[in-house]
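Position chain L relative to chain X; hints supplied.
Residues per chain, in single letters:
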Amino acid sequence: MQHRLSPDDAAFQQKMREFFTSKVPQDLRDRWAAGGEPDPDDIRTAQRILNAEGLAVPHWPVEYGGSDWSMLQRHIYLQEMQAASVPPPLAFNANMVGPVIAAFGSTEQKDRFLPPTANLDIWWCQGFSEPDAGSDLASLRTTAVRDGDEWVVNGQKTWTTLGQHADWIFALVRTDPDAPKKQMGISFLLIEMSTPGVDIRPIQLIDGGHEVNEVFFDNVRVPADQLVGEVNKGWDYAKFLLGNERVGVAPVGSIKRKLAEAKEHAGSVQTDTGTLLDDPLLAARIAELEAQVMALELTVLRVAANSREGKPDPASSTLKLRGSQLQQDVLELIVDIAGPAGLAWGDDSWTGLAAPTYLNFRKASIYGGSNEVQRQVISSGILGLKG
Amino acid sequence: MDFSIDSEQKALRDAVRELAARRAPQHGEGDVPVGPAPHDPDTWSALAEVGALGLPFAEDAGGLGASAVEVSLVATELGHAGVQTAYADALVAGSVLAAASSDLLSSLVDGSALVVPALAEPGRGWSLASSSVHASGSGDSWTLTGSKGPVPYADAATHLVVPAAADGGLALFLVEAPSFADGIATFDGSAATQLVGPADGATALAAAVNLGIIAVCSEALGAMDAASTMTFDYLKTRKQFGVPLMTFQTLTQRAADMYVSLELARSTTLFAAMAIADDPGDSATASRAKVVVGQSGRHIGQEAIQLHGGIGMTAEYAVGHFTTRLTAIERTYGDTRQHLASLASSLSDHDQVDVLA
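The listed protein sequences correspond, in order, to chains X and L.
239 is the number that my numbering gives to position 239 of the first sequence; each next residue is one higher, with no gaps.
Positions in the second sequence are counted from 1; adding 387 to them yields my numbering.
Isolated chain X (complex conformation) (with noise of 0.2 angstroms):
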């Protein structure tokens, strides 16, 4: 057993913290440590900062820009990104649909869309979820049917995070409705968005914010050269995309600096005898949650090590619950200290941003596969136990 960094790793470290500190623009970081609606030309900016410097898609294979990296070192790289507030590359983009088509895609796929999809030139968001088909995502109704050279499409998605600024849409749709078994008959089909019949419109949050989306589609014609793969296998391709966005799940990097800002925060309010932060109450719940966090952050390490080939380990539920509800917790802790000055929304300032970004985060939960969703992989795949 070791708990030091190599010195390759430790020389890694810094060379990642060196960058992401002085190459990706101050104010860009802050305007993402704030937190609240992200700004998509930072997003864009930062990505292809990272790009050019063979950052953006590391988990890609290296002939289309990813990196020979150790899951370590990959945790490195996340973690300095999240410490550093730069804002990652779009999870559309790098986790979710490159890697799809990296794995299953044509030649001709790889070649149209990987460089740009690096390089956030396209813009893709997720068209998984239906108003019937959340958690139980094999329910899903959207339909393809095959019309000559083109996909005819009909159906609804929901929940289409930053979609309004999204060129491409990502979208699993029912080829077969007479498959035997519900998860069969699904293909993973590539929809521009501005394709006539495909209409967006803005589903409008608790927290006040424009995040997420409905996809209406009304006989959109996709070119059959869109689909991904082989027809009615979008399924596996869909799995294969949700394993990798389990991997990294748990967000160590920013839940560590969101507590280390809930500390400052704490140091900052008076009370009648000193600070928050002299308050014991408080001082023991932030103590408590920097011991959870190490916990979480060691169990991501110890995970790391145990995954090969990229193949990740089932123990990634864990992450994921655990970390939505830590990183829930940080936030509760920050509209707690914010107080009666948490009552005020709307200004950028951190007791203004308090609670819409608590109210926004009850969602780390839910998305992804919901922490009940997880607890039941975690019950029936780690420990056997099938009702």
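Source of the hints: derived by calculation from the structure; they are not laboratory data.
Just to be clear, a hint being listed does not mean it is correct.
[What the hints assert, rightly or not] Derived pair list, reagent style BS3-like, types lysine-lysine, alpha-carbon separation capped at 30 angstroms:
| id | chain 1 | residue 1 | chain 2 | residue 2 |
| --- | --- | --- | --- | --- |
| 1 | X | K239 | L | K623 |
| 2 | L | K623 | X | K386 |
| 3 | X | K363 | X | K386 |
| 4 | X | K182 | X | K15 |
| 5 | L | K626 | X | K363 |
Just chain L, lined up with the frame of chain X:
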């Protein structure tokens, strides 16, 4: 960062696993004793024989020159089998003897002396900073006044290591053949030998207790692992309403949460063992591990009983014994409250907790 163990460590683990299996309490037959177990000389000499008692001490002091990591492997196996011993206590005492270059360490390592620390005090919360026992004297002639307790394994101990207030701070003393009543040692001008003077007493005691924390956290890890596995197996086999318990989602969801607590405690314990092996004085890491393990042990122990139902309450079934031990461990070498209070008082020392530093 590497959590894997090498072949020598595996061999040690396997030897202790076998020893622990042989020494494990047998449940399910007749009257089963509950609560703290008495000292068992046979188990103790078996531990001495595999070298477990000397692991973290330097070879020239009569130890094996291994580290807290090896201690952790041993204690995990003991905890998993439900074997209760003075292992952690002896290591705390041994660590003080090693700091004092005491000849007694070799007797501790070979199992002929049972030396335990007397740390708790009647009517006082946990503290390593002060003591109500007072020392007076100088050179080779010291006496102690006051009382300590409860002291685990008091009735079997040949010697005590006692922290006491001396001129200039906390000093550490050795008391031979102590006398006890109900686990409380009372010193009434009792003769003692100074092991570590007031200049270094607090530091030596903190390092010793950090090693003890690694040992009890690891024992708890073993106990949590065993209690969890028993519970998961029970959910698979036990039928109610004509179907296995695992058919009920409320139970499997709670089992998943037990698993999460277990895995986080595992990562933390292994890391803390490595950190203490590297820096015995790293009390912040020891405290964080104690907090995580204390809370996990409480969660897993409570759920293990609840998911078993009535059978979990019975003395003839092992799961309650694991919970009993976890309850004791959370209150050994500082409880969760005290460790949180200590961490809370030093929040401003750091911006973030950096495990990769």
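What are the numbers of the hints that this structure violates, sorted from low to high?
4, 5
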